[in-house]
Amino acid sequence: MSLFIDAKPVFLKGLEKEHNIIACFKKDFEVLENVKTARINIAARSFYRLYVNGVLVMHGPARTAHKYLRVDELDIGLHLKKGLNEICIYVISYSDCFNGYSNDCTLEKGLLMFELTLDDRRIFSDRTVQGYRMTKRIKAGRISHSRGAGEIYVLDDDMYEAHEVEELTLDAYLLERGMEYPDLFRVDTVRMLEFGSFAYDEGINVLPEFYEPDYNECYANLEYRPDQDAKRIVCHPSRGEFHAQKGVYEINAAEGENPYVLFDFGKSHVGFVTLDLEMESYEEDAF
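Using the numbering used here, you'd call the opening residue of the sequence shown number 16 and step up by one each time.
Treat the hints as calculated values from the structure; they're not laboratory data. Treat the hints with care, since some could be wrong.
Said to hold, decoys possible - Here are the computed lysine-lysine pairs in the PhoX-like style, where the Cα-Cα straight-line distance is at most 20 Å:
hint	residue 1	residue 2
1	K124	K82
2	K51	K124
3	K32	K124
4	K42	K154
5	K124	K97
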């Protein structure tokens, strides 16, 4: 069985080799009657996140070697509705931004292919897909000497701009996924470990990481160093109050304090953090 029939490899025009790009590809389509088959096949570099009608459905792809792309095959029937539907695929493309060294991804150029089959109808990637670039991603250092860049954003109404999409030449062999998919189940915290307050001490001298000299061109031009800021944080007991009841946690901060809470999930997980936050009041620069 062919993994793709009509889909074309696409990316934002002129940016497939650009370092550290977050792109969004959007396609709207109508569903006028119940469909028996609603499957989407996706291949992407370096990583993708699929949203159907605003719901996160999958994060991928599975890893493979240079010059290969694994194809995820997903049933999205439960996420569709009669009328207008929307799929959004976010693609994070690192390209070769770390001097060719990473054990996180292959550092090949950005690319996306998708093909949605609705019974005998196909909706697929080509140059007509709506494309957007995240322009408010701040330049950040590597997470470690062998991992990708940290993700730091300015979240506002202007964080995306429309960008032309172009079709590319497929430069890889396609493979079936061949392994389990993440389940994306919600995992709640098991218990609260610590409640305290913190302060930022500019006087703490933070030494550069051992690998920074090899990437001086990158680190000399960084806009923000949260990794260094984290090492200048000093924690101490809080004078405020903390209450927990049925999974809801209430913090009453003492005047002049910056409260924090540490939670335990019971075991190690890989996934996305979700936080529902309600505040009586806050200062504009609180975040």
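Results for each hint:
1. K124 to K82: Within the cut-off at roughly 11 Å; holds.
2. K51 to K124: Violated: K51 and K124 sit about 36 Å apart, past 20 Å.
3. K32 to K124: Status holds; Cα separation ~5 Å.
4. K42 to K154: Distance of about 29 Å is beyond 20 Å: violated.
5. K124 to K97: violated (37 Å)
In the structure shown, a violation is registered for the earlier hints numbered 2, 4 and 5, in ascending order.
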